[in-house]
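Trainee: Sequential numbering of the sequence shown, starting at 1, is according to UniProt numbering.
These are calculated hints, taken from the structure and not from any lab test. Note that the structure is predicted; figures quoted are calculated from it, not measured. You may find that some hints are simply not true.
Derived DEER-like restraints, expressed as beta-carbon distance ranges [unchecked claim]:
1) A129 <-> G47: 16 to 24 Å
2) A56 <-> G117: 35 to 43 Å
3) G113 <-> N92: 20 to 28 Å
4) A130 <-> A57: 35 to 43 Å
5) L77 <-> S52: 30 to 38 Å
6) G58 <-> W110: 15 to 23 Å
7) A36 <-> G72: 38 to 46 Å
8) A121 <-> Q82: 14 to 22 Å
9) A116 <-> S52: 20 to 28 Å
10) P135 <-> A108: 36 to 44 Å
11) L77 <-> A57: 18 to 26 Å
12) Q119 <-> A34: 40 to 48 Å
13) G39 <-> N106: 32 to 40 Å
Heads up, the beta-carbon is just placed ideally off N, CA and C, and yes, glycines get one too.
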Amino acid sequence: MSSVSRRDLLKFAAAAPALLGLGVAGSTAYAAPASASLGTLLDYAAGVIPGSQLRAAGALGAIRYVSDRRPGGNWMLGKPIQVAEARDLNANGLKIVSCYQYGKGNTADWLGGASAGLQHAQRGMQLHAAAGGRPPHPFTPRSTTTRPTSSTRARSRRICGRGSR
1 MSSVSRRDLL KFAAAAPALL GLGVAGSTAY AAPASASLGT LLDYAAGVIP
51 GSQLRAAGAL GAIRYVSDRR PGGNWMLGKP IQVAEARDLN ANGLKIVSCY
101 QYGKGNTADW LGGASAGLQH AQRGMQLHAA AGGRPPHPFT PRSTTTRPTS
151 STRARSRRIC GRGSR
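Work out the full structure, taking the sequences as your base and the hints as a guide.
Mentor: Here you go:
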């Protein structure tokens with residue numbers, strides 16, 4: 001086993017920051033190019049927006065809820081999606097992403113554990129099917145902590161690309 005001299009160690013220590021800097025500079029030179037927008041999906045529950053208005057606004061589709069209104073959520077007139085709305089969106093060439101979210105705070109769906117998760121999944125599938133959703137297409141849960149950010153919009157656009165109807 002050979003030993004490293006103090007001189008070699010100091011040379012390496014002196015060169016390390018420069019080498020690290022070259023690595024960072026090199027990695028930024030090969031950064032992935034920004035991708036073009038994949039489009040916009042609208043997420044709403046307070047009412048039902050006609051497909052013609054969504055299309056006129058430039059949206060590619062909608063994220064629609066396949067869950068019941070939460071306690072105190074009487075204002076959620078667009079929840080859950082109904083078959084007539086799904087047909088209207090499809091007739092206007094729009095994508096639909098089925099999304100499940102029930103409750104808020106102490107009544108949030110994700111607080112109930114595994115048995116509640118199964119119950120909510122079954123209810124979501126019932127409402128998805130009632131609105132014309134097909135069985136092989138997934139629907140996505142919506143976290144109560146999710147805020148619309150560029151990453152959630154990108155995730156929504158990726159889901160839309162797969163289509164859920």
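Trainee: All hints, please: hold or fail.
Mentor: Verification of the supplied hints:
no.	hint	verdict
1	A129 <-> G47: 16 to 24 Å	holds, 23 Å
2	A56 <-> G117: 35 to 43 Å	holds, 39 Å
3	G113 <-> N92: 20 to 28 Å	violated, 40 Å
4	A130 <-> A57: 35 to 43 Å	violated, 27 Å
5	L77 <-> S52: 30 to 38 Å	violated, 19 Å
6	G58 <-> W110: 15 to 23 Å	violated, 33 Å
7	A36 <-> G72: 38 to 46 Å	holds, 41 Å
8	A121 <-> Q82: 14 to 22 Å	holds, 20 Å
9	A116 <-> S52: 20 to 28 Å	violated, 38 Å
10	P135 <-> A108: 36 to 44 Å	violated, 26 Å
11	L77 <-> A57: 18 to 26 Å	holds, 19 Å
12	Q119 <-> A34: 40 to 48 Å	holds, 42 Å
13	G39 <-> N106: 32 to 40 Å	holds, 36 Å
Going down the numbered hints, you'll see the structure goes against 3, 4, 5, 6, 9 and 10, while the others check out.
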